[in-house]
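Asker: If you want the building blocks of each chain, they are given just below.
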Amino acid sequence: MTFPTADRADIALLLEGTFPYVSGGVSSWVNQIIRAFPEYRFAIVFLGSRREDYGDPKYPLPDNVVHFEAHYLYDDLVSRAEPASRPGNGEAYALIEQMHEHFAPDQPVASALQEFRSVARQMLPGGRLTADDFLYSEASWEMICDHYRRFCTDPSFVDYFWTVRIMHTPLWKLARVAKDLLPVRVLHSVSTGYAGFLGALLHQTRDVPLVLSEHGIYTKERKIDLFKSEWIRDNRNVFQRDPTELSYFRQMWIGFFEWLGRFCYDAADPIVALYEANRLRQVADGAPDGRTQNIPNGIALARFAPLRALRPAEPPPVLCLIGRVVPIKDVKTFIRAMRRVVNRMPAAEGWIAGPEDEDKAYAAECHALVRSLGLENHVRFLGFQKVEDLMPKIGLTILSSISEALPLVILEGYAAGVPTVSTDVGSCRQLVEGLDDADRAIGPSGAIVNIADPQALADAAVALLADGEAWQAASRAGIARVERYYTDRMMFDRYRQVYDGAFARCPEAR
Amino acid sequence: MAGIGFELRRLLRKNTLIGLVEAYAYAGIIGSGPWVFSIVGILLIGLFSASLVVPSFLVTQFQTSVTYLVAGSLILTGLVQLAFTRFISDRLFEKKREQVLPNLHGLLLIVILAASLLGSLLLFVALPGLGVAYRLLMLAGFVIMCAVWVLTVLLSGMKRYQAIVLLFAGSYALIVVLSLLLRPLGLEGLLGGFVFGNLVLLCGMWLLTVHDFADPGPFLRFDFLRRELAYPTLMAIGFLYNLAVWADKFMFWYFPPTSEPIIGSFRASLIYDLPVFLSYLSIIPGMAVFLVRIETDFVEYYNKFYDAVRGGGSLEFIENMRDEMVYSIQQGLGEIGKIQTLAILTTFVAGPALLDALGISQLYLPLLYVQVIGAGLQVALMAVLNVFFYLDQRRIVLFLCVEFLLLNVLFTAATLWLGAALYGYGFTLAVLLTLASGLVLLSRQLSRLEYETFMLQ
Chain R
46 MTFPTADRAD IALLLEGTFP YVSGGVSSWV NQIIRAFPEY RFAIVFLGSR
96 REDYGDPKYP LPDNVVHFEA HYLYDDLVSR AEPASRPGNG EAYALIEQMH
146 EHFAPDQPVA SALQEFRSVA RQMLPGGRLT ADDFLYSEAS WEMICDHYRR
196 FCTDPSFVDY FWTVRIMHTP LWKLARVAKD LLPVRVLHSV STGYAGFLGA
246 LLHQTRDVPL VLSEHGIYTK ERKIDLFKSE WIRDNRNVFQ RDPTELSYFR
296 QMWIGFFEWL GRFCYDAADP IVALYEANRL RQVADGAPDG RTQNIPNGIA
346 LARFAPLRAL RPAEPPPVLC LIGRVVPIKD VKTFIRAMRR VVNRMPAAEG
396 WIAGPEDEDK AYAAECHALV RSLGLENHVR FLGFQKVEDL MPKIGLTILS
446 SISEALPLVI LEGYAAGVPT VSTDVGSCRQ LVEGLDDADR AIGPSGAIVN
496 IADPQALADA AVALLADGEA WQAASRAGIA RVERYYTDRM MFDRYRQVYD
546 GAFARCPEAR
Chain X
343 MAGIGFELRR LLRKNTLIGL VEAYAYAGII GSGPWVFSIV GILLIGLFSA
393 SLVVPSFLVT QFQTSVTYLV AGSLILTGLV QLAFTRFISD RLFEKKREQV
443 LPNLHGLLLI VILAASLLGS LLLFVALPGL GVAYRLLMLA GFVIMCAVWV
493 LTVLLSGMKR YQAIVLLFAG SYALIVVLSL LLRPLGLEGL LGGFVFGNLV
543 LLCGMWLLTV HDFADPGPFL RFDFLRRELA YPTLMAIGFL YNLAVWADKF
593 MFWYFPPTSE PIIGSFRASL IYDLPVFLSY LSIIPGMAVF LVRIETDFVE
643 YYNKFYDAVR GGGSLEFIEN MRDEMVYSIQ QGLGEIGKIQ TLAILTTFVA
693 GPALLDALGI SQLYLPLLYV QVIGAGLQVA LMAVLNVFFY LDQRRIVLFL
743 CVEFLLLNVL FTAATLWLGA ALYGYGFTLA VLLTLASGLV LLSRQLSRLE
793 YETFMLQ
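Protein sequences, first through last, are from chains R and X.
With positions in the first sequence counted from 1, the corresponding number in my numbering is that position plus 45.
With positions in the second sequence counted from 1, the corresponding number in my numbering is that position plus 342.
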């Protein structure tokens with residue numbers, strides 16, 4: 046596979062674990078944005094974990110992507126240099142020590158960020174803080190031992206040691222990426238985390254404006270990741286373990302990403318959230334209030350509006366969950382809900398439309414659950430489907446997720462006249478019930494239930510499907526809501542303003 | 343020598359005086375077995391023969407010939423001893439037992455070919471004009487002894503110490519008996535007994551190995567020649583260490599004022615050799631202590647250290663285990679020091695009587711004293727080298743071997759030049775300085791052990 050390269054571009058998109066290698070909401074959004082601005086030349090910096098974690102690209106690159114580069118943070122974690130003993134730069138390590146002291150909760154964030162910036166500068170190629178020193182030097186070893194003694198509450202030193210290494214080593218790789226990146230006029234990162242660090246570092250060294258768009262909240266999603274990840278060890282024995290307390294290594298990861306996030310918020314302007322709850326969370330996590338704004342996702346109405354006419358007069362009794370079969374979507378709750386739905390509406394069917402290859406073990410568990418509930422004839426796994434083909438055949442879109450941002454599936458359903466039953470996560474309540482008074486006046490376009498509550502999910506779905514009147518009202522409200530607030534035109538206009546503002550601030554324009 | 347640890351711990355766990363004595367006696371015999379038997383055997387042959395009809399110069403010729411055989415074969419096989427031990431233990435770690443025997447045969451083939459070629463060449467270069475029977479016996483002895491050393495290191499690697507000691511004891515008893523019976527045939531008779539005894543030893547060891555590793559499979563393999571499985575540093579170490587140990591002896595043999603021609607171009611140093619061989623007998627107690635300490639205490643904490651590193655122990659625990667390792671090394675070296683001091687004092691007291699009993703002139707006494715000290719220091723040096731092998735610091739061991747060789751050559755040359763009063767000091771001083779620098783390096787290495795273990799591997 047060959048990728049385009051260029052020697053300059055207008056906008057560099059910094060993408061961590063999404064487009065073009067991973068399909069999903071964020072990737073579709075990126076695809077949408079790039080194609081909406083054919084007048085700009087985009088460069089894409091893809092950051093992945095390890096090369097073997099990704100297959101072929103899931104999306105073809107749009108023509109205005111003039112440059113593409115991929116970097117894998119956990120590949121060749123250890124530098125190619127033969128490990129050799131070295132003392133390490135004492136001054137540089139004093140700087141790091143000072144920075145970590147400032148990270149303490151009782152210290153002002155501003156001074157900690159100042160320390161962070163000066164440390165980050167030294168991590169660039171040619172700086173005093175080299176990756177080889179971090180990996181092999183005595184100074185680095187002393188610091189790891191010292192911090193283990195002072196802070197680590199988990200007994201296992203080897204796990205602490207490797208957590209520190211695995212966590213920090215990608216930063217040097219990113220520093221090299223930052224140094225080598227082609228000249229661009231605007232940076233646009235689609236998350237905080239490692240991509241946000243790269244953006245902030247580029248902003249700091251090149252004085253190029255950094256736009257940050259957050260779909261989820263990185264630290265929060267990482268928290269969910271970290272909660273379920275088996276590989277973060279917890280070595281406390283039964284006496285040392287306090288079940289209310291996170292394993293120390295999880296806390297380390299969370300703290301690490303929180304600081305990467307602050308570093309990124311400090312450099313980014315504007316900081317874009319999808320919806321109000323997330324914007325407030327960004328502010329709570331350290332984003333300056335004045336630089337934040339909401340730009341909700343939008344969809345192309347023209348794609349979905351014609352589908353309304355294709356549906357039979359009576360809504361089909363089909364509940365459809367459109368999404369990847371992964372734990373975060375809580376597909377099992379949907380399957381359990383289907384048991385109750387089928388009990389009350391024997392004609393009802395549940396469809397699960399999404400790829401099952403991301404977490405094969407979870408997908409297998411879902412299939413097993415369908416069998417054990419005797420739902421083989423009522424729940425169908427369809428694999429990846431085109432949304433346009435599905436919409437005329439279903440009566441409800443279902444979201445049972447335990448975490449979402451602003452799910453496009455709901456909006457696409459609205460545009461096609463399909464109401465939704467969703468869990469109360471992310472912006473879903475806002476999408477169903479409305480945000481401000483004018484929005485609320487449109488009426489509910491579906492129903493909101495609590496997470497992991499199959500009974501409530503089933504009852505809400507049956508209430509809509511069994512009552513033609515209520516279903517039609519919700520369908521009309523959905524169409525009205527999406528046309529008024531969530532079209533792609535509006536989103537593109539808002540981003541055009543964002544980009545225009547950023548170009549005005551780039552060094553060449555001044 | 344990890345396998346010996348279990349037996350020693352079993353004896354020590356009895357926690358009785360007898361158990362303790364047993365443990366040290368066992369360790370002493372195991373640790374110094376093969377070459378103690380060779381030295382004692384040669385001395386005994388000399389003792390029995392000299393008192394009877396055989397002319398004494400024939401006995402000297404015999405002893406010198408055997409000494410050259412031992413030295414030559416040890417230095418030549420030094421090239422493969424350590425490297426092959428490592429190769430075998432790697433294969434056993436990979437659970438590839440079936441590869442042991444074919445590779446042993448491969449190595450034996452190469453060693454025997456090399457020894458035959460080199461030996462045949464030396465027959466013409468070093469022993470021209472001597473009787474065909476003598477020359478052929480020398481060639482056979484050289485080849486057989488080379489093979490014996492290869493099998494000895496293999497069986498040591500297999501932890502078959504008891505078998506090795508028993509085989510050596512039996513063979514050398516046979517050699518003494520045969521030599522006494524074959525005395526009437528003169529030098530060829532004595533040497534014939536020696537060669538035949540070694541052949542029996544070789545066959546015994548080979549049968550033991552076949553018995554242990556009888557797997558159906560190819561007879562010959564040369565995996566140990568493969569680049570990724572070979573250890574050039576270990577080859578260099580084995581060769582240089584043996585060369586270093588023998589360097590001062592060779593210099594005394596070929597420095598005219600201290601030596602005389604014995605047979606062919608083989609020379610010997612009457613004033614130097616006997617004290618040296620006697621002094622090596624004094625290190626038996628030191629070797630015993632060394633084995634007990636290193637193979638029980640040190641290895642125990644060594645294993646705990648690496649288990650804790652891999653298994654998620656706390657840094658404090660890891661450091662404690664490191665400290666315990668250091669402590670057991672200190673204890674071991676301290677005890678070697680004490681016990682060798684006792685051995686040295688005993689030699690000082692009993693030396694004159696011993697020399698009288700052996701019919702050796704009192705003139706040898708000062709040299710014996712200084713050689714006993716040197717031999718004692720050599721035990722400590724071997725202990726230090728062994729610890730470095732455990733820590734897999736082959737470069738440091740190589741450095742120490744080079745240092746030992748250079749210093750031994752240099753100081754021995756200086757003492758030869760300065761005169762008889764200083765004979766023996768060259769070797770002792772070389773061992774002392776090598777040991778001192780080894781201790782400095784060991785101390786540094788141990789203080790950085792966790793750093794190197796975590797950061798540099």
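One or more of the hints may lead you astray.
Part of the chain R face toward chain X, derived, beta carbon under 7 Å [stated by the list, open to error]:
no.: 1; residue: Pro-128
no.: 2; residue: Tyr-181
no.: 3; residue: Trp-186
no.: 4; residue: Phe-196
no.: 5; residue: Pro-200
no.: 6; residue: Phe-202
no.: 7; residue: Asp-204
no.: 8; residue: Phe-206
no.: 9; residue: Met-212
no.: 10; residue: Thr-214
Worth flagging that the hints you see were computed from the coordinates, not collected in a lab.
Remember, predicted model here, so these are calculated numbers, not experimental data.
Note that the Cβ used here is the ideal one computed from N, Cα and C, for glycine as well.
Asker: Now tell me if each hint is right for this structure.
Answerer: Structure-based check of all given hints:
| no. | hint | in the structure |
| --- | --- | --- |
| 1 | Pro-128 | 4 Å, holds |
| 2 | Tyr-181 | 5 Å, holds |
| 3 | Trp-186 | 5 Å, holds |
| 4 | Phe-196 | 12 Å, violated |
| 5 | Pro-200 | 4 Å, holds |
| 6 | Phe-202 | 4 Å, holds |
| 7 | Asp-204 | 6 Å, holds |
| 8 | Phe-206 | 6 Å, holds |
| 9 | Met-212 | 16 Å, violated |
| 10 | Thr-214 | 13 Å, violated |
The structure is inconsistent with the numbered hints 4, 9 and 10, although it conforms to all the rest.
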